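Construct the complete structure from the given sequences, taking the supplied hints into account.
Chains as they are written, first to last, in our numbering: chain F, 1 to 323; chain C, 1 to 260; chain D, 1 to 252.
Just so you know, the hints here were simulated from the structure itself, not pulled from any lab data. As the structure is a prediction and not an experimental result, all values here were calculated from the model. Every residue, glycine too, gets a C-beta built ideally from N, C-alpha and C. There may be inaccurate statements among the hints.
As the list claims (entries may be wrong) - Listed next, the stretches of chain D that the computed footprint assigns to chain C, with coverage defined by at least 3 CB atoms under 8 Å from CB atoms of chain C:
#1 27-41
#2 157-163
As the list claims (entries may be wrong) - Just a sample of chain D residues kept apart from chain C, beta carbon distances all over 12 Å, derived:
#3 Ser47
#4 Ser91
#5 Gly94
#6 Val112
#7 Leu128
#8 Ala175
#9 Pro217
#10 Ala231
#11 Ser245
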Amino acid sequence: MNAIALENAGRVYRVTTGFVRRHAKEIQAVDGLSFEVARGELFGMLGPNGAGKTTTIKMLTTLLRPTSGRVVVAGFDVARNADRIRPLIGFAFGGERGLYYRLNGRDNLRYFAELYRLEPSRINPRVEELLDLVSLRDRADERVEGYSRGMKQRLHLARMLLHDPNILFLDEPTIGLDPVGARELRETIRELHRRGKTILLTTHYMFEADELCDRIVVIGKGRLLASGTPRELKALVRDLTVVEIEVFGATPALIDQVRALDFVDSVAVEQRELRQLLRVQTPIADEALPRLLASLGGLAVGRASVREATLEDAYVRLVGKTE
Amino acid sequence: MIHALRVLRAAALLELRYLAVNRFMLFCVFVQPFFVAITTMFMLRRGTVFDPTYVVIGATLTGMWSLLLFNSNWAIGGERWQGTLELTVGAPTPVIVVIAGKLIGTTLLSFVSMVVCYAVGAWLFGYSITIADPVTFVPSLLFMLVGLWATAMLIAPLGILWRWVGQILNVFEYPIYMLAGFLFPILMLPTWSNPASWILPPFWGATAVHLSSSGGADVGALLGIWIVLLLSSAAAVLLARPFFGLILRRAIADGTLALT
Amino acid sequence: MVAMYSYRGTFQWLTPSAYIATKVFFPVLQMAFFSLIGGFGGSQPFSYYVLGNAMLVGYRPMYPIATGIGNERRLGTLPYLIAAPMNRASSFFGRAVVHALDGLTSIALAFVIAVVLFGLDRSHANVLGLAAAMCVATYGAAAMGLALGPAAYVLLDASFLANLALFALILLSGANVPLTELPGPLLAISAVLPMTRSISAARAFAAGASWDAAASPLVADLALGLAWGLAGFVILAVIERVAISRGTLEGV
Numbered sequence: 001m002n003a004i005a006l007e008n009a010g011r012v013y014r015v016t017t018g019f020v021r022r023h024a025k026e027i028q029a030v031d032g033l034s035f036e037v038a039r040g041e042l043f044g045m046l047g048p049n050g051a052g053k054t055t056t057i058k059m060l061t062t063l064l065r066p067t068s069g070r071v072v073v074a075g076f077d078v079a080r081n082a083d084r085i086r087p088l089i090g091f092a093f094g095g096e097r098g099l100y101y102r103l104n105g106r107d108n109l110r111y112f113a114e115l116y117r118l119e120p121s122r123i124n125p126r127v128e129e130l131l132d133l134v135s136l137r138d139r140a141d142e143r144v145e146g147y148s149r150g151m152k153q154r155l156h157l158a159r160m161l162l163h164d165p166n167i168l169f170l171d172e173p174t175i176g177l178d179p180v181g182a183r184e185l186r187e188t189i190r191e192l193h194r195r196g197k198t199i200l201l202t203t204h205y206m207f208e209a210d211e212l213c214d215r216i217v218v219i220g221k222g223r224l225l226a227s228g229t230p231r232e233l234k235a236l237v238r239d240l241t242v243v244e245i246e247v248f249g250a251t252p253a254l255i256d257q258v259r260a261l262d263f264v265d266s267v268a269v270e271q272r273e274l275r276q277l278l279r280v281q282t283p284i285a286d287e288a289l290p291r292l293l294a295s296l297g298g299l300a301v302g303r304a305s306v307r308e309a310t311l312e313d314a315y316v317r318l319v320g321k322t323e
Numbered sequence: 001m002i003h004a005l006r007v008l009r010a011a012a013l014l015e016l017r018y019l020a021v022n023r024f025m026l027f028c029v030f031v032q033p034f035f036v037a038i039t040t041m042f043m044l045r046r047g048t049v050f051d052p053t054y055v056v057i058g059a060t061l062t063g064m065w066s067l068l069l070f071n072s073n074w075a076i077g078g079e080r081w082q083g084t085l086e087l088t089v090g091a092p093t094p095v096i097v098v099i100a101g102k103l104i105g106t107t108l109l110s111f112v113s114m115v116v117c118y119a120v121g122a123w124l125f126g127y128s129i130t131i132a133d134p135v136t137f138v139p140s141l142l143f144m145l146v147g148l149w150a151t152a153m154l155i156a157p158l159g160i161l162w163r164w165v166g167q168i169l170n171v172f173e174y175p176i177y178m179l180a181g182f183l184f185p186i187l188m189l190p191t192w193s194n195p196a197s198w199i200l201p202p203f204w205g206a207t208a209v210h211l212s213s214s215g216g217a218d219v220g221a222l223l224g225i226w227i228v229l230l231l232s233s234a235a236a237v238l239l240a241r242p243f244f245g246l247i248l249r250r251a252i253a254d255g256t257l258a259l260t
Numbered sequence: 001m002v003a004m005y006s007y008r009g010t011f012q013w014l015t016p017s018a019y020i021a022t023k024v025f026f027p028v029l030q031m032a033f034f035s036l037i038g039g040f041g042g043s044q045p046f047s048y049y050v051l052g053n054a055m056l057v058g059y060r061p062m063y064p065i066a067t068g069i070g071n072e073r074r075l076g077t078l079p080y081l082i083a084a085p086m087n088r089a090s091s092f093f094g095r096a097v098v099h100a101l102d103g104l105t106s107i108a109l110a111f112v113i114a115v116v117l118f119g120l121d122r123s124h125a126n127v128l129g130l131a132a133a134m135c136v137a138t139y140g141a142a143a144m145g146l147a148l149g150p151a152a153y154v155l156l157d158a159s160f161l162a163n164l165a166l167f168a169l170i171l172l173s174g175a176n177v178p179l180t181e182l183p184g185p186l187l188a189i190s191a192v193l194p195m196t197r198s199i200s201a202a203r204a205f206a207a208g209a210s211w212d213a214a215a216s217p218l219v220a221d222l223a224l225g226l227a228w229g230l231a232g233f234v235i236l237a238v239i240e241r242v243a244i245s246r247g248t249l250e251g252v
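Put into structure tokens, the structure is as follows:
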């Protein structure tokens, strides 16, 4: 039996606007999503902001009801058996909120330990064990309101593990962390994976998914765009070359013209102050650069380079988003 | 059962830590009853039915109810604002137990109103504030608090579903003061409103507390009032349970557990 | 325009039903509560408390005005407001206008309810004088709000101050307790509160007093309201100047 399974899961939000005459609008946050996660797998869900990752994870953690399809966790339907799922899963949405800022780290864990029905005699030893795991023991008596972003993230992780669940959900666990903190957190996630936990994490960092995950799904606008192992996803762009050109003053109209060229597969634009970095994916290798330069007309051009496509390029191609 | 008691205790202590620094709640428990007591003292002291103990008790009850009312919403609204409501709902312990514990903590804090109102009557105005029958007053007061807590449990779930409920909560403040007879008997109200008073636990609590503090009822009558008070409180809690469940299911369906 | 946006910003979160609840039910319930206490055991006739508490409903603009100004700091919009090239006086006072008009409809409604439900006798009333008293009371409350908002930058918070002011009005404005029964220090506070004189003028007009006989307290209340409003403007100007020179505008 899979640990997690979604069958055509969908979620529609209804939003009303206006004061006297109220207008209802429907937003499809997740649309016909299907995938499975095997027991013991470290599974990544990738997508840009607004793709539906958080909505999906909230459905999986019984905090949001799917409006269509079926979502099953640990063999139980989230819509009908939420109470049976909750003791079996742990989740960390991270961020600045989600902790009692007037309590210290230790008391936060003790409080949640009560909510998770730990045996009273087990609470203190378990709390100390987790404080050691996340390296917060020496700061455990300080109020959470004084914790850094990274410390809060580690405390979220500790809280998630209090009742030693086998299925874990992590929503963008390393966002906002400095590189050292992020690396430490990824190592902790690897350790949990080694201990046999089933882990589903969401991220919009491709390299993180590549580094950690057994399998990945890429979602965009609530839909499944691709799924597979990191190697399988890289294969999507195996025959592509990426030409990076730095330009000054490229208008959206010009970029659309470049996109429309017959040898261009996709264009991603990164705004860097007054410059734009165009990343053009193309099946033609050596000829691409001169032809692209010719298409830019008299636009001022900075550096240009040609390289092989990476997993990140595969992701960019799939989501097709201008950054 | 033991887990539930531990959660009640943990939630009560957590709530007390937050209430102690919440200016609005401190307003409810200190400032409001202070002003209500002073105003009512001035209003009634030259009248023919003036009883300073009645005013002190009545003003205390207004402070207690206001604190419980507003905190019944903040108990949930605060969790949402801190980002912990989803974590609380997502835990195996039913949310109703957590909220019950928080409201127990709130009830404990509400005793401060009694001290404030006593100070107004005894020190500011110099009246002799005495309890006619302390032996029946203590259980009357305790059962009254149970009644207020049970009533607040019915209102608390509304904050899960609609964030704006907290902004109009005032609408439940004065009606309870009036229907429960905190500072004047319900004889002052139209008779068609009496059934609304009779179903409210605070009405029976206020009746018991006023009778035992100002005198005028024997133990037999009070016993009957206590029984009705406890039964109506139990009914309120029994009603709150499915209400919580219904509201939570709706909130999960609508996606209103988080701030965004 | 500032007035309209300030008004919308305050009430944006409300559905129509919630708006009616705050605008209609709450003031009427407060009116009923204190009137019935007075009716139960007060030394004055029931109508005394009904009229006083109906006039008190004019306090309504004070709260959204005070918290609206106070919220500029919490929301971090104060620097933008200061930097904007518009007349500060008109934007400061302008925000009170729509709230004051909104308050006027509340107090008018309170009087209708006082007559219909509480039997307030209007047969002898000088209706125009009463209407003028209502306008001045609402204006005074709005002016008080303009002072409480900036004061909240220094003391406590706007919501706390506004609620404190409301209870002070309930006790000291003459709505529930005859001014002659208040001890000296409290009477002194009563004299500087807006609405005190409007309420006494309203009582006179309700009893049928002519305009000439009862208008002077209204003029005094108008002047007092202006003083409150100006005080608020000055307090805010001083706070802004200090914050700009210290570089603490966003945390002011």
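Assertion that Ser91 of chain D lies farther than 12 Å from chain C (Cβ): holds, 26 Å
Looking at Ala175 of chain D again, its CB stays over 12 Å from all of chain C? Nearest chain C Cβ is 10 Å from Ala175 of chain D, so the label is violated.
Take a quick look at Ala231 of chain D and tell me if its Cβ sits farther than 12 Å from every Cβ on chain C, holds or violated. holds, 23 Å
Report holds or violated for chain C covering the segment 27-41 of chain D, Cβ cut-off 8 Å, minimum 3 residues. holds (count 11)
Taking 8 Å as the Cβ threshold, is the statement that the segment 157-163 of chain D is covered by chain C upheld or broken by the three-residue rule? Since 4 is at least three, the answer is holds.
Does the no-contact call for Pro217 of chain D survive, Cβ to all of chain C over 12 Å? For Pro217 of chain D, whose nearest Cβ neighbour in chain C is about 22 Å away, the distance exceeds 12 Å, so it holds.
Would you assess whether Val112 of chain D, listed as outside the interface, keeps its beta-carbon beyond 12 Å of every beta-carbon in chain C? holds, 18 Å
Please check whether the beta-carbon of Ser47 of chain D is more than 12 Å away from every beta-carbon in chain C. Ser47 of chain D is indeed farther than 12 Å from all Cβ atoms of chain C, at 15 Å.
At 12 Å, judged by beta carbons, does Gly94 of chain D keep clear of chain C as stated? holds, 24 Å
At 12 Å, judged by beta carbons, does Ser245 of chain D keep clear of chain C as stated? Holds, since 29 Å exceeds 12 Å.
Is it correct that the beta-carbon of Leu128 of chain D has no partner in chain C closer than or equal to 12 Å? Non-interface label stands for Leu128 of chain D: nearest chain C Cβ at 30 Å, farther than 12 Å.
Against the hints set out earlier in the document, a violation occurs for number 8 only.
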